[in-house]
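Student: Listed here are the chains, written in short residue letters.
Number of protein chains: 2
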Amino acid sequence: MDKVEKSKIIFQPSGRRGEVKKGVTIIEASRQLGVDIESLCGEKKVCGKCKIRIEEGFFEKYGVQSSKDHAGKWLIEEEKFINRGQREAGYRLGCCARVEGDLLVFVPEESRAGKQVVSKAARDIHIEWNPAVKYYYIELSEPTFKDPKGDLERILDHLNTKYSLSDLDIDYLTLKTIPNRVREGKWKITVAVWMDREIIRVLPGKRENYYGLAVDVGTTTVAAYLCNIATMEVLDTVSMMNPQCKYGEDVMSRITYHMMHEDGLAKMSGDIIEGINSLVTQACEATHPPKKGKKNNGSDKEEDEKMVQDKPYPCLTPSDIIDMTIVGNTAMHHILLKLNPEHMGVAPFPPVVHKSMDIKSRDLGIQINESAYVHILPNEAGFVGADNVGVLIAEEPYKKDEMQLIIDIGTNGELVLGNKEKLISSSCATGPAFEGAQLAFGMRAAPGAIERIKIDPETHDVDYKVIGRNAWRSYSEAKEMEAKGICGSGILDVLGELYRSGVILKSGRFNSKQKNSRFRKNSENNQPEFVIAWANETTIGKDIVITQKDVRQIQLAKGALYCGCKLMMRRMGIDKVEKVKIAGAFGTHVDREKALIMGLFPDCEIDNIISIGNAAGDGARAALLNREKREEANWVSRNVEYIELTVEKDFQQEFMEAMQIPHMKDTFPHLKGIVPDEILNQ
Amino acid sequence: MDKVEKSKIIFQPSGRRGEVKKGVTIIEASRQLGVDIESLCGEKKVCGKCKIRIEEGFFEKYGVQSSKDHAGKWLIEEEKFINRGQREAGYRLGCCARVEGDLLVFVPEESRAGKQVVSKAARDIHIEWNPAVKYYYIELSEPTFKDPKGDLERILDHLNTKYSLSDLDIDYLTLKTIPNRVREGKWKITVAVWMDREIIRVLPGKRENYYGLAVDVGTTTVAAYLCNIATMEVLDTVSMMNPQCKYGEDVMSRITYHMMHEDGLAKMSGDIIEGINSLVTQACEATHPPKKGKKNNGSDKEEDEKMVQDKPYPCLTPSDIIDMTIVGNTAMHHILLKLNPEHMGVAPFPPVVHKSMDIKSRDLGIQINESAYVHILPNEAGFVGADNVGVLIAEEPYKKDEMQLIIDIGTNGELVLGNKEKLISSSCATGPAFEGAQLAFGMRAAPGAIERIKIDPETHDVDYKVIGRNAWRSYSEAKEMEAKGICGSGILDVLGELYRSGVILKSGRFNSKQKNSRFRKNSENNQPEFVIAWANETTIGKDIVITQKDVRQIQLAKGALYCGCKLMMRRMGIDKVEKVKIAGAFGTHVDREKALIMGLFPDCEIDNIISIGNAAGDGARAALLNREKREEANWVSRNVEYIELTVEKDFQQEFMEAMQIPHMKDTFPHLKGIVPDEILNQ
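Here the protein sequences come in this chain order: A and B. Per my numbering, residue 1 is the first one in the first sequence, and the count goes up by one each step. Per my numbering, residue 1 is the first one in the second sequence, and the count goes up by one each step.
So here's chain A without its partners, still in its complex pose:
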């Protein structure tokens, strides 16, 4: 019997190491060892984002002789992303190189997934207190010969008499705890009841505070709000990169990953469940009171236990989390629940399920209280998911007179238009350009990312600012900038600035008549490009440029968004919206004026364009704290009319028009005075 041959592999700078089966790709090895390497294309060898470097030599610490020769044969696909010099330095693509012998692999920062600092803070929205889980304190009489009824019946009778709760079920696992808990509490207990329907926890004594988690599973980011359900207070906000990013950056590439790998769905679902579990732990740990320099001895525990009962910041364990709500787009929803998402990828894009689901945490593998339910909010349609429903129940446009346009741009764009009379929704394929993906030097909002850009209309010189450094280029030495790429807000800037300074034309094409040192043709592919930062201002050793292709990507994104808004307004029979609400990280970062210049969405008074932050997460929180919001969510998910934009009349033409910069058509009176007339009239 052959023994499986294995090789040692060490990843730096994380220091993760282990043995993997010979022949696996480095990406695969990184997954096995829990090292996150960027993989936008889902290992199709086309994005070049998974660049890593093989270090050569004997590494005594690990007893490993690493060599480029151990990384398998060079593939033709790598040529495109790795030049001769890099190749000699040991660079490979993680999806191409294979583990054929012991290796020490360096993962450059730009290839690390999960590096982004994601923060989705909870907004202060008004929520009525009416949670799905409620705690009831009861004092029971002890059994006697005259009244020898069972422990559960004793509890049920009391809940019925005192709180008019009748016909309650009990979770089987909770039932098992009853005989000991009631006696431990000397027949004084606190009972957690879910939806006036089922007992899901019995605790000895009186408990007043109890906890829940509202989770927003984004394609890129997962955020969770730990709430004290009793007081409605948000105790902590925790977030992380969606660990599925390693299977592909966007929804479609994850669906593709499922279709290409038999265990793809199980793997991706397992990863997000594990991710949520780590957020649960993280949120619980964050609630620990500061230790005040105390040693961690036995008495600590006692103190902590006491705090559970009367302090606002108690020491929580995952089993104290007694309710959870989850929002996410339909694909994230399906992958999380291990529902085959492939039919959602094909017209007419039917999801497996719309309605909200209440699933026992243990059935999902989510490690909160084992008897707790996880409430998954409903989907509207194949491409408008529970995250959008979350936005709606947070914003309640169906209760307003004014005509609102709600734009939620994450990795996908979702639009809702309407008021209390009618609501319609649609999705638009903005692609991830607004988030910096798929651009030559796009990156996420992380240290080194260019976030602000100004271009002098006269000289075409560029000034910019980088995340992690407070000074502009013009006030810095070149080498101080340490730029690495351009992130979402920089990308919005760049297109507006390129247009305003005349570097590109209304059509998006580079103005071939310009004369300046930054505009040039790429020496390799002969395509025009414009230099934002010179190599000596970067840590990546080359010029950061915007290519013609990049401009097109951004145009497509903004065109898709604008065209979507436009067609929805036509459907609704209106030519003006009263309010534009922008949800998501994009909304927080977007410069409303530039967005109008760019023609991202229809004209609106600037003061009526408002950012609503992570409204999807707010919706999840509302559903956690108010069960009527769950009904509202189901109602609205059924009553929003979904418009499939691509089959709308004129879609192609509208789309083409919307790609122009800016998108004038005399619908932007507010741009007068902001954009020079000669450009508007270009």
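Keep in mind that the hints are not guaranteed to be accurate.
No distinction is drawn between identical chains; accordingly, a pair holds when it is met within one copy or between any pair of copies.
Derived DSBU-like pairs (lysine-lysine); straight-line CA-CA distance at most 35 Å [as the list claims (entries may be wrong)]:
(1) Lys146 - Lys267
(2) Lys355 - Lys8
(3) Lys355 - Lys188
(4) Lys360 - Lys454
(5) Lys21 - Lys206
(6) Lys146 - Lys400
(7) Lys206 - Lys360
(8) Lys146 - Lys8
(9) Lys355 - Lys186
To be clear, the hints were calculated from the coordinates, so they are not data collected in a lab.
Given chain A, put chain B in place with the hints provided.
Tutor: Here is chain B on its own, set in the frame of chain A:
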């Protein structure tokens, strides 16, 4: 390829029928069709237990011409067990007669294997069809752009429109199967709905037959009935010893085991769950169609799958079992569900729960369909459990005018008395003596067990019969008897005979004045004992005796039972019951006359004393096939008044009196003429 020649065969009274290969023995045919015929000797043609009767004539209902000539040639071995008259009446031995043509076979009760302790056959009771799980066949339209709704919503809408089923939930694991199943079935599917409330299975295409298991968890024996829920037919009865027997014979010793061992409850629960799982497998395997000498190739599977859809005896797997009901006494109930049973062992004996529970099979670890519920019937009180509730919903005393006394003697004794006006219940600590346990030479009803005993009042000589041998001792050679011990029915005989022959006195003490070679003092402990079988008649190499302690055990058992009945009648304010129903194996074996002599229960017309077999199991089956029976069970469990006998006034005195043999007190007019006057007046 030769076509296999087949004949039709019908077994009565079960009504089982089918085609079998010509030439097989009737025993073999019975096995193939799931009919139990006794076969102690393993078809060696020596035990004579498999007597059956061939019916002659044309049976229109089955289209069968049955004739003695169709049963193959008469064998010399049959002479020994079947006399000339019987032969003419059509009697044969099942192991000798062969199926040579169409046959209608009657299986006399004494040949039915169901009478053995570990086999509890299903009785023919009337049950209305209204199962908790129902199958619905629906044909869906495919999704289009006009109607792109989700797979689940498509199903829900259809079920609502066509069957008025609204607000259905769906089990999470079932939800996961939907996208593939609906497409596999080309949008024609069969949906299993539990309690008009939850979808628990979706299958492609049309399915009509579906299956459930009714389980009776006794302290000693576990029996399960595999039912076709669609047709209500019992496909198979399977049974086994309760694997917990290794932790203790009776309820209290198991509760003690839990209290003495930290993992005791988990172990005992694990064992019974595993036991139930093995019954599930066994029941499924028993439904496999005979392989007809075919090779086990791919096509077999296809054929089997086809049979699932339209044959009464399909090839089942555990995942095809879509519902389960369980009855058991309160301790078995608690141990199975891992509910701490220790408080039930201490006054006032409160159980953890009375009401019925619906628990997902996966939460219990029961390996039927993972989305199925297991319905656990409700308990009445700490010592009157769901098994007794099973008896009640099978017998329905609460619908009758007549005053019934229902006695369920397994390892514990449970009593119910009443009619439609009022029902009371109690439990009595009979101990396992009636089942042969705890006696010096007690054993279960198995080959070698002395099952009948006669004692000559003059000579005090003993004649007896042993299971596995049809002849009495007086007609046999000593060495032919091969006795091993005394089983339940023998034990009942022995006390009555010892008393009738004057070996013991009314008090239960041995009559020290008797002079015979069988009465003696044990050489070791000097206690009096009476020899039933001499060492040379046994396979155990020593005399089988009844000791004074044995007599006391039996007296205690009968005393507990009688005293229980008596006190309940007093509570009810009656001095006579109209009907006595005896459930359980004991009821099947008990000689009613001897039971009256012994004073097991109050006087009643002998014809009104009836055995109701495994009524607890029948109740489980009723609850499987009719959901209203579940409600009825909950109702009756709440409305039977439980009487704690031990705290009743006069309990001690009544108990002492009841231990006397017989228990006269002028309440047994029917014994006149049966028991000699001089003994009655002793």
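Student: Could you place lysine 355 and lysine 8 in one of the four classes (within, between, both, neither) given a Cα distance threshold of 35 Å?
Tutor: Result: close neither inside a copy nor across copies, 47 Å intra and 53 Å inter.
Student: Regarding lysine 355 and lysine 188, is the shortest C-alpha distance of 35 Å or less found within a copy, between copies, in both, or in neither?
Tutor: between (38 Å within a copy, 22 Å between copies)
Student: At most 35 Å between C-alpha atoms: does lysine 21 with lysine 206 qualify within a copy, between copies, both, or neither?
Tutor: Answer is within: at 31 Å inside a copy they meet the 35 Å cutoff, but 47 Å across does not.
Student: Can you tell me if lysine 360 and lysine 454 fall within 35 Å by alpha carbon in one copy, between copies, both or neither?
Tutor: Intra 53 Å, inter 63 Å, cutoff 35 Å: neither.
Student: For lysine 146 and lysine 400, with the copy left unspecified, which applies at a CA distance of at most 35 Å: within, between, both, or neither?
Tutor: For lysine 146 and lysine 400, the Cα distance is within 35 Å only across copies (28 Å; inside one copy 59 Å).
Student: Checking an output row: lysine 206 and lysine 360, CA cutoff 35 Å. Within, between, both or neither?
Tutor: Both, since 25 Å and 30 Å are each at most 35 Å.
Student: What label fits lysine 146 with lysine 8 when the C-alpha limit is 35 Å: within, between, both, or neither?
Tutor: Classified as neither; 56 Å inside a copy, 56 Å across copies.
Student: From the Cα coordinates, with 35 Å as the cut-off, is the pair lysine 355 and lysine 186 best called within, between, both, or neither?
Tutor: between (42 Å within a copy, 23 Å between copies)
Student: Is it within, between, both or neither when you check lysine 146 against lysine 267 at 35 Å Cα-Cα?
Tutor: This pair counts as between: shortest inter-copy Cα distance 34 Å, intra-copy 57 Å.
When held up to the earlier numbered hints, the structure conflicts with 2, 4 and 8 and fits the remainder.
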